[in-house]
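Trainee: Which chain is which? The protein sequence lines are A and B, in order. Here numbering that gives the first Met the number 0 is used: position 57 in the first sequence is 56, and no number is missing along the way. Here numbering that gives the first Met the number 0 is used: position 74 in the second sequence is 73, and no number is missing along the way.
Take these hints with a grain of salt, some might be off.
[Stated by the list, open to error] Straight-line distance between alpha carbons at most 20 Å, and here's what the computed EDC-like set of lysine to aspartate or glutamate pairs gives:
{"id": "1", "chain 1": "A", "residue 1": "Lys-156", "chain 2": "B", "residue 2": "Glu-85"}
{"id": "2", "chain 1": "A", "residue 1": "Lys-247", "chain 2": "A", "residue 2": "Asp-212"}
{"id": "3", "chain 1": "A", "residue 1": "Lys-51", "chain 2": "B", "residue 2": "Asp-181"}
[As the list claims (entries may be wrong)] Simulated restraints, written as ranges between beta carbons of each label pair:
{"id": "4", "chain 1": "A", "residue 1": "Lys-131", "chain 2": "B", "residue 2": "Leu-244", "range": "38 to 44 Å"}
{"id": "5", "chain 1": "B", "residue 1": "Leu-243", "chain 2": "A", "residue 2": "Glu-78", "range": "46 to 52 Å"}
{"id": "6", "chain 1": "B", "residue 1": "Gln-241", "chain 2": "A", "residue 2": "Asp-70", "range": "40 to 46 Å"}
{"id": "7", "chain 1": "B", "residue 1": "His-5", "chain 2": "A", "residue 2": "Pro-169", "range": "42 to 48 Å"}
{"id": "8", "chain 1": "A", "residue 1": "Asn-20", "chain 2": "B", "residue 2": "Lys-28", "range": "44 to 50 Å"}
[Claimed, not checked] Stretch by stretch, here's where chain A covers chain B in the computed footprint (C-beta under 8 Å, at least three residues):
{"id": "9", "stretch": "115-127"}
{"id": "10", "stretch": "208-219"}
No lab work stands behind these hints: they were computed from the structure. Beta carbons are placed, not taken as given, at the ideal position from N, Cα and C, and that holds for glycine.
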Amino acid sequence: MIEVQHLYKSFGAVEVLRDINAKFAKGKVSQIIGKSGSGKSVLAKCIIGLYKPTKGKVLYDGKSFHDMDKDEQRLLRQEIGMLFQSNALFDSLTVLENVLFPLRMFATMSEKEMRERAHFCLKRVKIENSDKKFPAEISGGMQKRVGIARAIAMNPKYLFVDEPNSGLDPQTSIVIDELIREITDEYNTTTVVITHDMNSVMGIADEIFFINDKQLMWQGTREQLLKSDNAALNEFIFAGSLMREVRKTIT
Amino acid sequence: MNLLFHIGRYFMLMGEVFSKPERLSIYWKRIVEEMDLLGVKSLGIVSLLSLFMGAVITIQTKTNIDSPLIPQYVVGFTVRQSTILEFSPTIISLILAGKVGSTIAAEIGSMRVREQIDALDIMGVNSAGYLILPKIIATALINPFLIILSMFLSIFGGWLAGTLTGIISSSNYIQGVQYDFDPYIVTYALLKTVVFAIVIATVSSYQGYYTTGGTREVGISSTKAVVYSDVVILIMNYLLTQMLLL
Numbered sequence: 000m001i002e003v004q005h006l007y008k009s010f011g012a013v014e015v016l017r018d019i020n021a022k023f024a025k026g027k028v029s030q031i032i033g034k035s036g037s038g039k040s041v042l043a044k045c046i047i048g049l050y051k052p053t054k055g056k057v058l059y060d061g062k063s064f065h066d067m068d069k070d071e072q073r074l075l076r077q078e079i080g081m082l083f084q085s086n087a088l089f090d091s092l093t094v095l096e097n098v099l100f101p102l103r104m105f106a107t108m109s110e111k112e113m114r115e116r117a118h119f120c121l122k123r124v125k126i127e128n129s130d131k132k133f134p135a136e137i138s139g140g141m142q143k144r145v146g147i148a149r150a151i152a153m154n155p156k157y158l159f160v161d162e163p164n165s166g167l168d169p170q171t172s173i174v175i176d177e178l179i180r181e182i183t184d185e186y187n188t189t190t191v192v193i194t195h196d197m198n199s200v201m202g203i204a205d206e207i208f209f210i211n212d213k214q215l216m217w218q219g220t221r222e223q224l225l226k227s228d229n230a231a232l233n234e235f236i237f238a239g240s241l242m243r244e245v246r247k248t249i250t
Numbered sequence: 000m001n002l003l004f005h006i007g008r009y010f011m012l013m014g015e016v017f018s019k020p021e022r023l024s025i026y027w028k029r030i031v032e033e034m035d036l037l038g039v040k041s042l043g044i045v046s047l048l049s050l051f052m053g054a055v056i057t058i059q060t061k062t063n064i065d066s067p068l069i070p071q072y073v074v075g076f077t078v079r080q081s082t083i084l085e086f087s088p089t090i091i092s093l094i095l096a097g098k099v100g101s102t103i104a105a106e107i108g109s110m111r112v113r114e115q116i117d118a119l120d121i122m123g124v125n126s127a128g129y130l131i132l133p134k135i136i137a138t139a140l141i142n143p144f145l146i147i148l149s150m151f152l153s154i155f156g157g158w159l160a161g162t163l164t165g166i167i168s169s170s171n172y173i174q175g176v177q178y179d180f181d182p183y184i185v186t187y188a189l190l191k192t193v194v195f196a197i198v199i200a201t202v203s204s205y206q207g208y209y210t211t212g213g214t215r216e217v218g219i220s221s222t223k224a225v226v227y228s229d230v231v232i233l234i235m236n237y238l239l240t241q242m243l244l245l
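Here chain A stands alone, though its shape is the one from the complex:
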């Protein structure tokens, strides 16, 4: 489980996050939603340790990340898988080598076992036939899959996913969402997804965290989301015509 306690983050005089408190449960898909510029990506970066919070704590199974020394942080990070919005695949490495990368860095297994593991991960995300291609030679959806394969290569305890559906068509988005759901169930990971895609939220979220005006304004389940009377939340989730239709059907 990951717990965020009284987290504040400012850049100089500009406050971006104020008193965020949240718990992300093991084996669940927790989605952080909010408008562009609401601070959800900054929150994610504070949680994974790319930014140091101005105040507050991030606890990984009870241990405060920012109070750990650098070696402890690196050890913990080997248990974290992350899929970036830009995929962040290494251009000079093939698809297979990208997945092999964390294994070669940290795994204590033979080269043959590492390759077997990498091939297994690629097969798991159904992209095993593109192993010799470079990231630039495959589509955005395929790159996402490679990113997921790389993220699960080390059997992560925690999985972070930043805007998994950005730049993808609706069908591919559903495939990626389903993959995130399956991997969370299969590996029992604490999965945190940053998104503003309501289709993704309604598809796979167990717990939803709505960030607005620097604060965590609302949290709850999918069912609670549709019945919420929080004005800012409703304005955000029912901005699209599809969700407005859903609301009409419900009411």
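Fit chain B to the supplied structure of chain A, relying on the hints for placement.
Mentor: Chain B alone, transformed into the frame defined by chain A:
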């Protein structure tokens, strides 16, 4: 204050760079790749510059000291001294700062803006060490060879220009090249080369590593890498010359 901030952050980054590597075998493989990218692929430009610079020094020296009181072999002597003491180690390093430094800053800067460095950090990889250390070791190892090659080619270029144009005989030129040779000047030149190589790799990596923004900022970092590497090389050149030759 801004300068102090950058100096402080540079040394903190170097602390990260020289911390214990995760897997030595992977670092070794990267050093070999970097030696190819940063060193072997610079052979062409270094050779071309050295040949022509030697040729120009020969012609200029000859035209400026055309006096019966000055022996002919002075031309060869001047080419050798100026090549070994300054031209090869310093000027070629300044040229390499342009070619290699911009490559390093652009590569690392692009990785930064495309979140690839974040990906390394999140995996638990020491991104500074993984990306920068192999470049420092590679340039420190390969640049002395480039400079030795440059020395030979520059002196050869001088001989070629002198004998082909007929302004100096081959025997006079060779006599000048061999005259009063002190091997210490080669040691001095190579010591400078290693220091300059480290300056190029670290200053350029620093500029790339702390790039923020997008492709425009990568370009700015690349330019800064060349400018600051050149400035530091010139300062180090003065300090090393004072320390090693006085």
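Trainee: Each of the hints needs a verdict: does it hold here or not?
Mentor: Results for each hint:
no.	hint	result
1	A:Lys-156 with B:Glu-85	violated, 57 Å
2	A:Lys-247 with A:Asp-212	violated, 27 Å
3	A:Lys-51 with B:Asp-181	violated, 56 Å
4	A:Lys-131 with B:Leu-244: 38 to 44 Å	violated, 55 Å
5	B:Leu-243 with A:Glu-78: 46 to 52 Å	holds, 51 Å
6	B:Gln-241 with A:Asp-70: 40 to 46 Å	holds, 41 Å
7	B:His-5 with A:Pro-169: 42 to 48 Å	holds, 47 Å
8	A:Asn-20 with B:Lys-28: 44 to 50 Å	holds, 45 Å
9	115-127	holds (count 9)
10	208-219	violated (count 0)
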